[in-house]
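Colleague: On the provided structure of chain R, position chain P as indicated by the hints.
Going line by line, the protein sequences match chains R and P. Okay, so the first sequence: first residue is 3 according to the working numbering, each after it adds one. Okay, so the second sequence: first residue is 9 according to the working numbering, each after it adds one.
These are computed hints drawn from the structure, not numbers from a lab. Some hints could be false.
[What the hints assert, rightly or not] Examples of chain P residues lying across from chain R (beta carbon under 8 Å, computed): (1) 58; (2) 197; (3) 199.
[Unchecked claim] Under the rule of at most 27 Å between Cα atoms (straight-line distance), these lysine-lysine pairs were calculated in the DSSO-like manner: (4) R:292 x R:98; (5) P:99 x R:732; (6) P:21 x P:187; (7) P:187 x P:135; (8) P:71 x R:732; (9) R:732 x P:103; (10) R:110 x R:143; (11) R:732 x P:78; (12) R:143 x R:202; (13) R:240 x R:586; (14) P:135 x P:104; (15) P:99 x R:452; (16) R:385 x R:424; (17) R:568 x R:214; (18) P:76 x R:732; (19) R:732 x P:104; (20) R:34 x R:211.
Beta carbons: idealized from backbone N, C-alpha and C, even for Gly.
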Amino acid sequence: MIPKIFQEWFDTKGWHLRQHQLDMLRAYQTEKDILLLAPTGAGKTLAGFLPVLKDLYESPDFKGLHTIYISPLKALTNDIARNLQHPINEMGLPIKVESRTSDTSTYKKARQKHTPPHILLTTPESLALLLTYPEAKTLFKSLQTIIIDEIHSLASNKRGDQTTLILARLKILAPNARRIGLSATVADPQKMTTWLGYEKPAYLIHLKKDIKPLVKIIYSDISLPLTGHYPSSDLIKKIYETIQSNQMSIVFVNTRSQVERLFKDLWVINDSNVPIGIHHGSLTKDMRTKVETAITNQQLRAVVATSSLDLGVDWGNVDLVINLGAPKGISRLVQRIGRSNHRLDSPSHAILVPTNCFEALECQAALQAISAGILDDPPPNSKGGLDVLAQHIMSCACASPIDVDSLYAEVITAYPYSKLTKSLFQDTFNFVVNGGYVLEHYEQYHRLIKDDSGSFYPRNAQLKQRHRMNIGTIVEAEKLKVMLVYNKAGTKRKRGKGLHLGDIEERLILGMEPGDTFLFAGQILQYQGIRDLKVEVSRSNNREAKIPVFSGGRMPLSSYLAASVKHLLTTPKKHMVFPLYLQKWLRAQATFSQLPGEEELLVELFSHKGFNYITAYTFEGRPTNQTLGFLLSQRLENEGCHPLGFSVSDYGLSLWCLNSIPQSTLKKLWHPTFFKDELNNWLDHSSMLKRFFRNTAVVSGLTERKFPGQSKTGKQVTFSTDLIYEVLIKYDPNHLLLRSNRLDVERDLINLDRLKSFLETYQDKIHYQTCERLTPFSIPIILEKTVEGIEGAGTDALIALKTVQERSELLYREATHE
Amino acid sequence: MNDSLEISLGGEKLWLSSCRCLWWPVRETLIVSDLHIGKGIDFSVRGALLPPYDVQDTLSRLKRLIDKFKAKRVISLGDNFHRSYSFGALKEWEKKSVNDLVFSVSEWVWILGNHDPDLPVELGGTKIENMSDGYLGFYHEPNLHNKDKFQIVGHYHPKYVTRIHRQRISKPCFAWNQKTLIMPSFGSYTGGLNVAHSEILKVLSHSFYIATADTEPKPILIEQNFS
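The shape of chain R in the complex, shown without the other chains:
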């Protein structure tokens, strides 16, 4: 089955090939596209590469690029490169492996175009960029295999859309190349095979792990707070003790700032000097590689990390996964847990550590779901992003002139675009050419122009360059390098040479003054200023950072988990499993208000700080709650209640109004019939859609990605997308980008059908609870950071209110009596 030399090498390692790896070898001979579905630790990567290495070994005269490996994470490509080099070196195979990401040097990248390796490891963005060059045609001619790893993390989002378009293009350039997909176990394998396969579903090799993970929950001894996502010192101590009693643990945390903080707090109590490492996306490549190598070499006993370590090469020696905070999704949690213990015949171990009351509910619900073997990952996306398509069209044009009809035929072979109509494709194409406006304009500035044969190509070289700089579906916040430029003595290092500690989002250091301290890369740094687009810092002796630096990272709660939490709440006998203080909290809610009932929607009404609050516990997840928030705001506005804003959590939403809400209004709020246009009209003017639009504008190529420091030149390079949005809504409401935007929002945020069925179900089952003040359950929702402001009569009234309260009116009256 496998070459003798391979078998001998396995024997020296004491490895035995597993069934699914053998199945893969067999399938490679007989099938075209293949999907391998297996839990973490099953040796998926080896399974994917084995047939490739075998093929290359058996064809020593093979020239050119044989296999591309696509992974969603840069870190992963490094790992794989390392791991492939081992057997290749030890067996002395004449196979060249190289990686190509944004971390690859320009020299190497140029060399790869002309002298490609046999195996190229890359990311979707880097591959998209490679396809914009005319050399791509010759480069990919010899291609035999395309391996796509961690498919489950791509298929339901825009990066996946982009990947399928890349695959469609590669099909044209290399018709014989087949696709091998590697994925963790998902809820719907069939859909995944359709997503991957060309013209027919891929052949499925499905390895199921029957042994469920062993999951425990650690509660703090002292009361869990109502809000906040950071563990108390009591919990930190418990985490530390857990780390001490295990060989190697990964502590997963939700945000980068939490990683920094926890890492520091653990070291403060690290009396036994346990080697604990840190890992997240803002660290420099070197630092990340150091940590990754240390893990592989078993030099670390624990790593505090974000989801940057979610995907990755299997580290056989991790024996415990500690998940801090709310799990948010069961599939995701199970995949994370799979990082520990890579023997398929024994269970993985995990500990969940909730940091507030609602998280405790969520962890408990997750526990039950895991033992029931439920998976809740989203299905592959079936409506591909139009902004991604626009970017792709331009990419193709950069490499060689494009013909509209053939490009359309090519694009619809990609799963998310299989139902794309010719007319929508034409609209997207027109957008790329001339902006797609109803009003004819910019004739001399068209981005693509026609040649004699009727094909389109970019008008000039600058446009190609601009496009290449812009590429990528993840619109990352503008990041600045953080450089340690001051010595311990407080003097500046020579010639401004500093130690690159990592990259930080520009908005996070806006407003910092020299002398302010903040936590980064595991240390407390002192901000000194920005020079040459770099944030200059020195080390601080302070024990606490002055400026809290929070960054994003909000995972959506899966609807399954949300429903499970509700069910848990409405079954009092299940509450016994909680520590006493949690039971007390639940009883407090029952006393001051009520626990949500299974078949009803609990809506609380109370006054707070002079505003009238209406709080509904829907358990529908943040996106639906957000949509409901807009719908309710619109209705409250129509009724003259002057809604000012609302905040949402995964469990519910809370709106506050200037005026009180009469009974008659309450009745009207939950009507399930809303005209789609009505809601769209409101949504269109919402800050939410504008936020999404910013992303769409850059991905599609309408505006340029803002690079830090461009404002230095004084010339305005980027354009506020809000202004563009306002004008488009007014004059061209059906513009392609607005359509694309609404599609995105519907896909990622709002499911109008779901909202409708929710309202239909609960319309007559609302339980109103009038309370004297805030209730225990409402506090986390009200204190949510993100607040949606309503631009209505209320805001004006609010400003008026503020000015009345200030001295200014008085002073003004005095001043004008001249």
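Modeller: Relative to chain R, chain P alone:
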């Protein structure tokens, strides 16, 4: 809802309007600033094909205001066009719209700005660097040497940014003290500068009033400490 706020500057009664313009009733004059007509074109050269509706949007809003106030004279306080060549780069029907509007009133004054120090002959109206009428001086940028004069200026695109009850509110606004009034920007594609910015503080010093310009204007006292 009252959509104008009446203030007094240099002894003259002026109305700050919620439509980003200033109305001087006694002289039947409408004052706007920073139209930046043609801004979109500049970006499209580089490949950012912005929606080409800003010209008609700016002009239609302006026309509505001229009609509403029955203005006899219009003063546009500079940066009327994004570049000196912008008028020439407009489409023929756009140029016609501009001139039609200019000639629809008895007098149209274009104050020259830093973006458009030169305006072409084919554009109608009077083009000058600054002008006075009674005690009021009209400039694009404030004349800092002559702080005793009453001035109405543009250039800064002032914006009122604040947090009220956990919401961030950002609105174009008028900003004024005893001697100087800074106009909000009128152009559809113009952004704004926070009034707390040092550039504006240099002009108005650290204690001045603002009133929002896209909703009911009410005076709000701003007191900033120099950092």
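Colleague: What are the numbers of the hints that this structure violates, sorted from low to high?
Modeller: none
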